[in-house]
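**Q** Given next are the chains, with one letter for each unit.
2 protein chains.
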Amino acid sequence: MVAQVEYSTQLDTLNARHSQHAPGNQVFTYTFDSLLLQNGGQLASVTLAYETWGSLNAEADNAVLITHALTGNAHARDNERPDDPKAGWWNPLIGPGRLFDTSRYFVICSNVLGGCYGSTGPTSLNPATGHPYRMDFPVVTMRDIVRAQHALVEHFGVRELAMVAGGSIGGQQALEWAVTYPEMVQKVAVIAATAALTAQAIAFNEVQRQAIMLDPLWQGGNYEPDRGPDAGLAIARMLAMITYQSEEIMEQRFARKPAWNTTTPAPGGSPDLGKRFDVESYLYHQGNILARRFDANSYLYLSRAMDSYDVSEGYPSLDAALRRIRSKALFVGIRSDFLFPAVHVRWLAEKVRALGGDATYVELDSPHGHDAFLKEWEQMTDALDRIVSEER
Amino acid sequence: MVAQVEYSTQLDTLNARHSQHAPGNQVFTYTFDSLLLQNGGQLASVTLAYETWGSLNAEADNAVLITHALTGNAHARDNERPDDPKAGWWNPLIGPGRLFDTSRYFVICSNVLGGCYGSTGPTSLNPATGHPYRMDFPVVTMRDIVRAQHALVEHFGVRELAMVAGGSIGGQQALEWAVTYPEMVQKVAVIAATAALTAQAIAFNEVQRQAIMLDPLWQGGNYEPDRGPDAGLAIARMLAMITYQSEEIMEQRFARKPAWNTTTPAPGGSPDLGKRFDVESYLYHQGNILARRFDANSYLYLSRAMDSYDVSEGYPSLDAALRRIRSKALFVGIRSDFLFPAVHVRWLAEKVRALGGDATYVELDSPHGHDAFLKEWEQMTDALDRIVSEER
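Those sequence lines, one after another, are chains A and B. Everything in the first sequence is counted per the numbering used here, starting at 1 for the first residue and increasing by one. Everything in the second sequence is counted per the numbering used here, starting at 1 for the first residue and increasing by one.
For reference, chain A alone in the conformation it holds in the complex (with noise of 0.2 Å):
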């Protein structure tokens, strides 16, 4: 599947082109020739874009893989903005100094399989055709995802991770590479993420599916890359944006409040039915935004990976997964996260140690909901540290 290579001289590459010091923000690509999918067939070529930051030491021993959210990238540190906590999605969580540490460690993220910044996914050429995937684009799923994460870890010659983490999606990634892959990954950081999504959980993704599906403008799938179904992806992720929430921060926000600002225009275009209220302009505004920055297709295919993401899945059971981990994990909830509950992720964690596995739980005290992991700097410092610094 991957390329043979001779590790110490791509390392020495490899740490030309990655140096600790980069100063601006550089997205690599990387190549592997075909990649067999969970579910029957394959892709005949796979490219993921990756970013980096630190160097990979001569032992390769010191990477860690940050695995991002649904409409997330490989960008989650930005070199030029380094304190501005929204220029990368864990800005504040990587860099010298900080939690991961790139003085230290080898920080690699990389855009999912079926993502839209870069790697693979329904706007790429499928080589079979000359012509964009579109729906053709095969059902992947996380265990896809992770496997061409795989490959583009062995390409960097890392025969084990020092870590693996991320939160949502990026933490249902981080428990199936140390399902997957157990002796790779050292330690584990599972946030905000669980065995598989509740019934709740798929029916909301679900309903954002449709809204998608309904747009004239999504057109089976082919739209052209500036002609998309804008309206159905933003209100899809107005609707995410209430399950990121949650009851709490939302009254906090927005209350009743009534909107200060009715200019931004309704996903459609449909004209206020009476008064507007704060929480709608807000919601269009984001919702905009998104339909601006991603595709609505990859937005189907990941959403659903999202939904059909079973760790027991292949394997006799739950417990015969789960015993495979062989990483210090560390698992955190979100008190007031009600897509991804923090009764269910305690749950998990605490399956994982009664089945022998060395598993803490940490739950954040959080209002913002599931978006806790990508806002309270603080507690995921705190949270994450105690595995970060631990000595394996």
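No lab work stands behind these hints, which were simulated from the structure alone.
Chain copies aren't distinguished; within one or between two, either way the pair holds.
Capping the alpha-carbon separation at 25 Å, the derived lysine to any residue pairs in SDA-like fashion look like this:
{"id": "1", "residue 1": "LYS275", "residue 2": "LEU37"}
{"id": "2", "residue 1": "LYS86", "residue 2": "THR381"}
{"id": "3", "residue 1": "LYS328", "residue 2": "ASP365"}
{"id": "4", "residue 1": "LYS275", "residue 2": "LEU70"}
What you are looking at is a predicted structure, and each value in this text was computed from that prediction instead of being measured.
Given the coordinates of chain A, work out where chain B should sit on it, guided by the hints.
**A** Quick look at chain B alone, frame taken from chain A:
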């Protein structure tokens, strides 16, 4: 507003028409001349469709008004199938010997203003144009809905209602009755309703409206009755159904079970993306059913009335509004309800009591979420019986 009527004559006529022994179901209508609206403007002519059970006594003091939820209608009881809990939406609670004992009470339920079951709403003819109102229908409020009901109640010659009871937006109406017409309401049961919606609930409603308006068949509301935005309305209903249930009951019912029936079409006829979950088929089915029985524009208006409801509107403060209540008041919350969280219902009850009102709070211990007031017959009977049976 309401034509003056001679009460005794009218009462005789009423009881002749609304016999408590009526074997079948009959929907009546009452039309009155004009209704001034809370947001300004007026409706020139208003018709309410209603049903009644039992007989109004000579003192006209045994009338109970039942108020329905968002997509409900006047058919709270079914005389022909009194033992089918689904034949009338509160069937198990209404009838001879039941909670709302029709051998004792004259029970009235009318379809709300803005509805599509015979009452004036967006599908009605606009007398000014001779065409259906559609989106020219005014943005009505819960107060308008209640004031229209008041006209109907006065038409019956009822000067004091023995009770007003309803759940969800029926509970908003019940509360509004107690505040707007304090001298007319002996007892009130506000079930799974609060003083005003949370930002989260408004947000869920707005996503639903956006889905309807995204459907190309919506056409700005100008669709023919049999060519409406069924897919958009079905998607709205899918989301609504999630908010009416709870994570807990959805895990009990669906968890991650695969669909046993994959023939139920998705609202827009979109293809499945990988294996379908049972919860998805269920939601498609529920969505499709609603699209066949409900008007999309009505849905927009009524869900907006739900959002905009704030019992304090028009009063100097919330306290000032709630201090008007003279009724014996029962507030019923549902443990697992996240649309109208129990903690907010309890807060409202305590607020009324703190202001000197006669308020009791009861919580249904149910996993069914918001829907519990349409499912937990035994708990509902127990909860409401304490106010129904109690002498004023």
